[in-house]
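Offset between the sequence shown (1-based) and our numbering: plus 3.
To be clear, the hints were calculated from the coordinates, so they are not data collected in a lab. Don't take each hint at face value.
Restraint ranges, calculated between C-beta atoms of paired labels, are given here [claimed, not checked]: (1) 26 / 116: 17 to 23 Å; (2) 83 / 131: 22 to 28 Å; (3) 163 / 87: 33 to 39 Å; (4) 147 / 116: 17 to 23 Å; (5) 84 / 7: 40 to 46 Å; (6) 131 / 151: 24 to 30 Å.
From the three backbone atoms N, C-alpha and C, an ideal C-beta is built for every residue, glycine too.
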Amino acid sequence: MQSTAKNICVFCGSSTGNDPSYLRAAAALGEAIAQCGHRLIFGGGHVGLMGVVADAVMRGGSEAIGVMTEQLVEREVAHQGLTELDVQPTMHRRKARMAELADGVVVLPGGFGTLDEAFELLTWNQLGLVSAPVVFLDVNEFFRPLFEFIAHSAATGFVKAHQEAFAQRTNNPETAVRLATGHAPGQHLQADGNRVPQS
4 MQSTAKNICV FCGSSTGNDP SYLRAAAALG EAIAQCGHRL IFGGGHVGLM GVVADAVMRG
64 GSEAIGVMTE QLVEREVAHQ GLTELDVQPT MHRRKARMAE LADGVVVLPG GFGTLDEAFE
124 LLTWNQLGLV SAPVVFLDVN EFFRPLFEFI AHSAATGFVK AHQEAFAQRT NNPETAVRLA
184 TGHAPGQHLQ ADGNRVPQS
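Make a model of the complete structure from these sequences and hints.
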């Protein structure tokens, strides 16, 4: 019998933010991933929301696989209790490796790095390099201005109308996991190296 376990890639902040609701949402997302029997793919850090998600997944009995650059490992921000730590030479290879491993993507609140990761995958969707929704867990409407920007980009002709659907949002962690894994089998982030850009 084929396993239904999926690899859920989570992009999120290396900080916790200034509202406890961000911490609660990160923990709830980790719990939802574990309850579904899925694995976590993430940036590998023990700090911020990254550490909260990973700890919740592992408390729930599921695996957490971190992908981190050599530089960040040397700065001692790597989570030491992970199922696996995949060390990559560059930030680009880190992002590409996370995409290769992932069956779906959920984005929690974060800063520039989180948005960089999310928008790179949205761009890869736009270019046809990958085919999977990028699901934003919209804690306290954190991403409302971002979705207003996406709608504005579509309204002004810079994003095609059908491409707006590449970015999805929900305020429910369980729904986020379902949306991230609900696309057609085989229509997900490719691991064969032929579609995910390499450096």
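Beta-carbon spacing of residue 26 to residue 116 - inside the hinted bounds 17 to 23 Å or not | holds, 18 Å
Is 40 to 46 Å right for how far apart the beta carbons of residue 84 and residue 7 are?
-> Violated, at about 25 Å.
Take the C-beta atom of residue 147 and the C-beta atom of residue 116, compute their distance, and say whether it sits inside 17 to 23 Å.
-> Given about 20 Å between the Cβ atoms, the range holds.
Regarding residue 83 and residue 131, is the given constraint of 22 to 28 Å on their beta-carbon distance met?
-> Given a distance of about 39 Å, which is not inside 22 to 28 Å, the answer is violated.
Starting from the range 33 to 39 Å, see whether the pair residue 163 and residue 87 falls in it by beta-carbon distance.
-> holds, 38 Å
Residue 151 and residue 131 - C-beta distance against the hinted 24 to 30 Å = holds, 26 Å
The structure does not agree with the numbered hints 2 and 5 stated previously, though it agrees with the rest.
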